[in-house]
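Chemist: Sequence:
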Amino acid sequence: MAPPLLLLQLFDRESCTYTYLLADSESKEAVLIDPVLETLDRDMKLVTELGLTLKVAVNTHCHADHITSSGLMKQQVLGLNSAICGLSGAQADIQLREGDSIPFGPHRLVVRETPGHTDGCMTLVTADQTMAFTGDALLIRGCGRTDFQQGCSKRLYESVHSKIFTLPDSCLVYPAHDYQGQSVSTVGEERRFNPRLTKSLDEFVHIMNNLNLPKPGKIDIAVPCNMVCGLHQVEPTP
Numbered sequence: 001m002a003p004p005l006l007l008l009q010l011f012d013r014e015s016c017t018y019t020y021l022l023a024d025s026e027s028k029e030a031v032l033i034d035p036v037l038e039t040l041d042r043d044m045k046l047v048t049e050l051g052l053t054l055k056v057a058v059n060t061h062c063h064a065d066h067i068t069s070s071g072l073m074k075q076q077v078l079g080l081n082s083a084i085c086g087l088s089g090a091q092a093d094i095q096l097r098e099g100d101s102i103p104f105g106p107h108r109l110v111v112r113e114t115p116g117h118t119d120g121c122m123t124l125v126t127a128d129q130t131m132a133f134t135g136d137a138l139l140i141r142g143c144g145r146t147d148f149q150q151g152c153s154k155r156l157y158e159s160v161h162s163k164i165f166t167l168p169d170s171c172l173v174y175p176a177h178d179y180q181g182q183s184v185s186t187v188g189e190e191r192r193f194n195p196r197l198t199k200s201l202d203e204f205v206h207i208m209n210n211l212n213l214p215k216p217g218k219i220d221i222a223v224p225c226n227m228v229c230g231l232h233q234v235e236p237t238p
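Going by the numbering used here, the letters in the sequence shown line up with residues 1 to 238, in that order.
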């Protein structure tokens, strides 16, 4: 039996982004999912305090609402690799594709490509399928928008139904964002109660085409920076 897995869910208030720190309790090898530039110092302090060896900083996609800290983090942590889906077109040490794994200790995260919000979206699933880190593809009672970058409502619907809703009902869903104070859901809950993804494909496309949401405030800065691992900006914003 694998040793216990440490999971910390961290939050950036400005962008409502969840960052996840996963670590093997014995070897102390760790992975950081969706790190945010403004919380770099917090995250690095936590890694140090817990005595962890950070192996990979991975982004679930090329974010439009915040700048990743993975590039600057690499400058502070010896041996750290950045990772992102190869379909994103973004720079990273590791270009991930469907079925690839991110190992840490005896644990691993398995890549499921879930495009639709962007071409390069992926969901990271623990090997035992008890946890899924869904990025923006599936949110708690919602999903990522499809009206910018390479968004496509049909692809997102098909991605969620074929790659996430096929996981066990008890699989915990950890999204990249939440705006209502929710922290975790399950595949079973979302399959039954998600107000968008329980609809037919045509109904879903109609909903997504009529959200009329404002443009993300940081998109013109965040996307170019995230295409180069966040390194256009040299230091965290105060």
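The set of hints was computed from the structure by calculation and includes no laboratory data. Predicted, not measured: the structure shown is a model, and the values here were computed from it. Just so you know, not all the hints are guaranteed correct.
Pairs of lysine-lysine, DSS-like flavour, derived with a Cα cap of 27 Å [as the list claims (entries may be wrong)]:
1) Lys-218 - Lys-74
2) Lys-74 - Lys-154
3) Lys-45 - Lys-74
4) Lys-215 - Lys-199
5) Lys-74 - Lys-28
6) Lys-154 - Lys-215
7) Lys-154 - Lys-199
8) Lys-218 - Lys-199
Chemist: Hints first: check each against the structure and report whether it holds.
Modeler: Hints and how they fare:
Restraint check for Lys-218 and Lys-74: the C-alpha separation of about 23 Å stays at or below 27 Å, so the hint holds. With a C-alpha separation of about 36 Å, the suggested pair Lys-74 and Lys-154 falls outside the 27 Å cut-off, and the hint is violated. Simply put, Lys-45 and Lys-74 have alpha-carbon atoms about 15 Å apart, close enough for the 27 Å limit, and the pair holds. Our distance criterion of 27 Å between C-alpha atoms is met by Lys-215 and Lys-199, whose separation comes to about 25 Å.
This hinted pair checks out: Lys-74 and Lys-28 have alpha carbons roughly 18 Å apart, not beyond 27 Å. A distance of roughly 21 Å separates the Cα atoms of Lys-154 and Lys-215; the hinted pair therefore holds under the 27 Å criterion. The suggested pairing of Lys-154 with Lys-199 holds, with an alpha-carbon distance near 12 Å, which does not exceed 27 Å. Distance restraint check for Lys-218 and Lys-199: the Cα-Cα separation of roughly 31 Å exceeds the 27 Å cut-off, and the hinted pair is therefore not satisfied.
Violated hints for the displayed structure, listed by number in ascending order: 2, 8.
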